[in-house]
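Colleague: If you want the building blocks of each chain, they are given just below.
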Amino acid sequence: MNNFEYSRATDVADAIRQIAADPAAKFIAGGTNLVDLMKYDVARPARLIDITQLPLKSLEETPDGGVRIGALVPNSDLAYHPLIADRYPLLASAILAGASQQLRNMASTAGNLLQRTRCFYFYDTATPCNKREPGSGCAAIKGINRINAILGTSDACIATHPSDMCVALAALDARVHVTGPAGARSIAFADFHRLPEHSPHIDTTLEPDEIVTAIELPSKGFAKNYSYLKIRDRASYAFALVSVAAALEIDSGRIREARVALGGVAHKPWRRIDAEAALRGEAPDRTVFAKAADILLKGARGYSHNAFKIGLGRRAILRTLTQAANATPQIQSVKKIR
Amino acid sequence: MAATIGTSTSRVDGRAKVTGTARYAGEFNVPNLAYAAVVTSTISKGRIARIDIGRARAVEGVLDVLTHDVRPEMGSTDQDYHDDVAPEGGSPFRPLYDEAIRFNYQPIALVLAEDWETAVFATTLVDIEYEEQAFATDLHAGIDAAHAVDKPEKPRGDALKALQGATVRHQADYFIPPEYHNPMELFAATVVWNGDGKLTIYDKTQGVQNVQRYVCGVFGLKPEDVRVISPFVGGAFGSGLRPQYEVVLATLGALHLRRPVRLVLSRAQMYGLGYRPATVERIALAANGRGLDAITYDAIAMTSRYEDFSRNDTGWAEQLYTSANARYTHKLASLDVATPCDMRAPGAASGVYALECAMDELAVALQLDPMELRLRCYSDRDQGAGLPYTSKQLKECYRQGAEAFGWARRNPAPRSMRDGSELLGMGMATGVWEALQVQFASRIVLTANGHAEVSSAASDIGTGTYTVVAQVAADTLGLPIDSVTVKLADSSLPKAPVEGGSWTAASIAHAIVNTAADIRKELLGLAQTMPNTPLGGLKLDDVALVDGMLMARNDRSRAVAVADVMRHGKLDRIEKERSSDFKEDDKHAHNTHSAVFAEVKVDEELGVIRVTRIVNAVAAGRIINTKTAASQIMGGVVWGIGMALQEEALTDHAFGRIMNANIAEYHVPVNADVHDIKVIFVDEPDSVINPLGIKGVGEIGIVGVAAAIANAVYHATGKRVRDLPITLDKLDR
Numbered sequence: 070m071n072n073f074e075y076s077r078a079t080d081v082a083d084a085i086r087q088i089a090a091d092p093a094a095k096f097i098a099g100g101t102n103l104v105d106l107m108k109y110d111v112a113r114p115a116r117l118i119d120i121t122q123l124p125l126k127s128l129e130e131t132p133d134g135g136v137r138i139g140a141l142v143p144n145s146d147l148a149y150h151p152l153i154a155d156r157y158p159l160l161a162s163a164i165l166a167g168a169s170q171q172l173r174n175m176a177s178t179a180g181n182l183l184q185r186t187r188c189f190y191f192y193d194t195a196t197p198c199n200k201r202e203p204g205s206g207c208a209a210i211k212g213i214n215r216i217n218a219i220l221g222t223s224d225a226c227i228a229t230h231p232s233d234m235c236v237a238l239a240a241l242d243a244r245v246h247v248t249g250p251a252g253a254r255s256i257a258f259a260d261f262h263r264l265p266e267h268s269p270h271i272d273t274t275l276e277p278d279e280i281v282t283a284i285e286l287p288s289k290g291f292a293k294n295y296s297y298l299k300i301r302d303r304a305s306y307a308f309a310l311v312s313v314a315a316a317l318e319i320d321s322g323r324i325r326e327a328r329v330a331l332g333g334v335a336h337k338p339w340r341r342i343d344a345e346a347a348l349r350g351e352a353p354d355r356t357v358f359a360k361a362a363d364i365l366l367k368g369a370r371g372y373s374h375n376a377f378k379i380g381l382g383r384r385a386i387l388r389t390l391t392q393a394a395n396a397t398p399q400i401q402s403v404k405k406i407r
Numbered sequence: 036m037a038a039t040i041g042t043s044t045s046r047v048d049g050r051a052k053v054t055g056t057a058r059y060a061g062e063f064n065v066p067n068l069a070y071a072a073v074v075t076s077t078i079s080k081g082r083i084a085r086i087d088i089g090r091a092r093a094v095e096g097v098l099d100v101l102t103h104d105v106r107p108e109m110g111s112t113d114q115d116y117h118d119d120v121a122p123e124g125g126s127p128f129r130p131l132y133d134e135a136i137r138f139n140y141q142p143i144a145l146v147l148a149e150d151w152e153t154a155v156f157a158t159t160l161v162d163i164e165y166e167e168q169a170f171a172t173d174l175h176a177g178i179d180a181a182h183a184v185d186k187p188e189k190p191r192g193d194a195l196k197a198l199q200g201a202t203v204r205h206q207a208d209y210f211i212p213p214e215y216h217n218p219m220e221l222f223a224a225t226v227v228w229n230g231d232g233k234l235t236i237y238d239k240t241q242g243v244q245n246v247q248r249y250v251c252g253v254f255g256l257k258p259e260d261v262r263v264i265s266p267f268v269g270g271a272f273g274s275g276l277r278p279q280y281e282v283v284l285a286t287l288g289a290l291h292l293r294r295p296v297r298l299v300l301s302r303a304q305m306y307g308l309g310y311r312p313a314t315v316e317r318i319a320l321a322a323n324g325r326g327l328d329a330i331t332y333d334a335i336a337m338t339s340r341y342e343d344f345s346r347n348d349t350g351w352a353e354q355l356y357t358s359a360n361a362r363y364t365h366k367l368a369s370l371d372v373a374t375p376c377d378m379r380a381p382g383a384a385s386g387v388y389a390l391e392c393a394m395d396e397l398a399v400a401l402q403l404d405p406m407e408l409r410l411r412c413y414s415d416r417d418q419g420a421g422l423p424y425t426s427k428q429l430k431e432c433y434r435q436g437a438e439a440f441g442w443a444r445r446n447p448a449p450r451s452m453r454d455g456s457e458l459l460g461m462g463m464a465t466g467v468w469e470a471l472q473v474q475f476a477s478r479i480v481l482t483a484n485g486h487a488e489v490s491s492a493a494s495d496i497g498t499g500t501y502t503v504v505a506q507v508a509a510d511t512l513g514l515p516i517d518s519v520t521v522k523l524a525d526s527s528l529p530k531a532p533v534e535g536g537s538w539t540a541a542s543i544a545h546a547i548v549n550t551a552a553d554i555r556k557e558l559l560g561l562a563q564t565m566p567n568t569p570l571g572g573l574k575l576d577d578v579a580l581v582d583g584m585l586m587a588r589n590d591r592s593r594a595v596a597v598a599d600v601m602r603h604g605k606l607d608r609i610e611k612e613r614s615s616d617f618k619e620d621d622k623h624a625h626n627t628h629s630a631v632f633a634e635v636k637v638d639e640e641l642g643v644i645r646v647t648r649i650v651n652a653v654a655a656g657r658i659i660n661t662k663t664a665a666s667q668i669m670g671g672v673v674w675g676i677g678m679a680l681q682e683e684a685l686t687d688h689a690f691g692r693i694m695n696a697n698i699a700e701y702h703v704p705v706n707a708d709v710h711d712i713k714v715i716f717v718d719e720p721d722s723v724i725n726p727l728g729i730k731g732v733g734e735i736g737i738v739g740v741a742a743a744i745a746n747a748v749y750h751a752t753g754k755r756v757r758d759l760p761i762t763l764d765k766l767d768r
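Sequences listed follow chains A and B, in order. The first sequence runs contiguously to residue 407 in the working numbering. The second sequence runs contiguously to residue 768 in the working numbering.
Don't take every hint at face value.
Subject to a maximum C-alpha distance of 30 Å in a straight line, what follows is the list of computed DSS-like cross-link-like pairs (lysine-lysine) [as the list claims (entries may be wrong)]: (1) B:622 / A:405; (2) B:765 / A:404; (3) A:404 / B:754.
Quick list of the computed label-pair ranges, beta carbon to beta carbon [to be verified]: (4) B:45 / A:113: 44 to 50 Å; (5) A:110 / B:178: 33 to 39 Å; (6) A:122 / B:55: 50 to 56 Å; (7) B:430 / A:367: 56 to 62 Å.
Hint data in this document are derived by calculation from the structure and do not stem from the laboratory. Small disclaimer: the values here were computed from a predicted structure and weren't measured. Glycine residues also receive a C-beta, built at the ideal position from the N, C-alpha and C atoms.
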């Protein structure tokens, strides 16, 4: 861990001012990932700007029937908020599938979006990693890559985004509200995280001097037919090998609307609009689910230790869509898969 | 007053532990404490070409930086670094001794600072240039060059010929990956420089006197100048048997600064200490009409280049099953890694896993119930030595375990049982461990007010030694347990070896029995000089201490109060010190046994495995404390679940780095992985092994668990996975 300065931001404008003034600074909220990275000497911020006093902790309904979630709402508060639990149970379920109660209590909404990969090589400064040290190479491609990506990889990086919450947010078509020196803008969730390509050290399209202020959910919550299924190596406190967020709107035995997002398989939550289109208008059965799965996994590439994720991903998609269609969502406190 | 031995007695140190008053090695605060932090190597083999401590030393608050070429003097012979548990021969690792790098994560510099944060920060400023050499860390790549080691198991008959002629045989390789100790407490030492050349060392260890001798050897100090204290240990499981480098480096720092120094290793740095070695267990079994006819067992384990660490993987087959023909070999592959170390049931956890999976596979080949196969070749004698057991109630373990588990409900066909979307599997395995006893000494001070203080240098590594000592002392001295104080783990106390091998309870109990007998003897002598003594003519064995009275065993009316005896003798206190004195018993085999039954449920589509039930029926002589003993077994079962399904150090052999060197990614079971565990202690009277009939239970709880689970996974899925851990992807390959 390096020595660093500490300052506190009083409001959003102050936070932007402070981060713009010091390119080596980082915001800190819950610190559940950043502090770890600092202990491993992976992150070496010269200054920590404490944003926990910013007025970004409210959760409110929007005029068009959606919900706006302040960037600093803790993951636990979000998961258990009645509006979320009732209208967006997919999001609540995904949050509760992640980390531990203590971590969820500390972790913020925006921080969850901005957490870094759990690729083993990213954490070990004795090994090469393009995400940690651009140009040093990717050791995971030929190394211990059981937990790494199978979709959207590049020769420079096969890391995954580790979040559960983001998989649900992707499926729900959330928008990310950000503010920077140039003013406020909002980013579609699908455009917020990026693929590694040749610059895997950049995780998102957030500019370095911008701050996330809120996440907005549109009105459609898929509260009836949804499920979040996380497959991992132990029953709790492990990152997903593969996870699936599925949301369906079923009307008279036909799928009117469908969303499917995958976690644990790519550098960002993985969605394919064409897979969802293939579900639309069809009867919810395994044949059509299999079609969607094939599209979602099109182009998947297995490496030395993670090729199993392709078959596992396919079966997990089928299962999750079945759970959603049957209105029997996976319950995170029950470890038997429904 | 009822006896406490054999009861469910809560830990006497439980309150101190849960309220935080129990202090651990890294928690002893002394004035003027300096803080140390370690820099570890990032290569597996080579030498330090250059090490520049300039930037680190320049940090405000840094007191100094020690390296192999800037440090106080240390011993220069292998003997100086020897310890009680070191492998024979070899050249023990010398921390910060020279420029050679022998393994990854090797300590190479020590930063000393006024506070911990500064010390840790400064470690990032030590600049090192290596000359790296070709290295090997993969057991599989080292098998061909492995060298043989001697083991006591001798061949019987002609196993190879019997195998060739057998109509039913099973042959397979089983693999156990390197598994790392992750005790909750980090390795830590606080070394207090007392200003008069004397050191008081608080260390995380399983043997304070072993550490004392070792530190004296390394630094050329006199035993009277080094006192090692380790009152509480937050789990050790074998990792603290040998002195670890934190005590060397903290002592080095204290001698250099002439002030107290604390060093706490990080979780990642603990992956540079010992571990359960990766092992390939190559087993062939042949059956005849009655049961097992031949066994060949070749174990190949990894070790370091500088020491041969080897444990008994193969010998358990000798003890469990009759077989006319047998042949065993043991090999070691020397790699550029740290020396492995003991880890709960060393040898047995690995070897019995393989053996019991192989037995399950043979039972399938024979179309026999796996328990029936084991009963057919049940052995009343240790096959190798030809000796009977002091006691062996394994058959009763099978019977009671099977009944409690509902083994009779098992349909033998794989994939034949299910629970909704899950395949249900039932598997079983046998467990075995040694019932060892070694010499321990104890001191008892009995005061006239009816209080006893019992002390020994023995450790309590969380197993319950404090409680067991208090129980045995209370019962043998006729006192309530509340009137007994126990002092342990201070090198100035009566002699004790390391706590390990499941030997402590049996050994220390008998040291206390002997010491209490000396106290009883003194009291009887005094009592018999009292006027109108009711104990006239009685011998030592005729009297007992009960409820504060010295009384005749066969006539409770012949009694006199201990307080009166001491008043008569004008004594405030009686102090005695004695050792356990076990005679070498070469006429019996000494073992504990168990039968483990596991139920798993496997999601048919996704392969997710849950261990829904475990029954572990244990025969381990007389159980001193059913509560702490059951906790030991339960802990072993949980560890066995991890061994079967989760534990594995993932080494990138291109770098020699363990890529999951932390407890987020090195998986052990969490609460959600642990379901119903039932522990049964089978009644096992044993009048041969020792007067109280005690065996230890520290290791037996894990032995056989991984095999029972692996066998259950096979029964559920029809898929045999022989390389641990059984992760869900292996069911699909």
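Colleague: Hint compliance check: list the failing hint numbers for this structure, sorted ascending.
Modeller: Of the numbered hints given earlier, those the structure breaks are 1, 6, listed in rising order.
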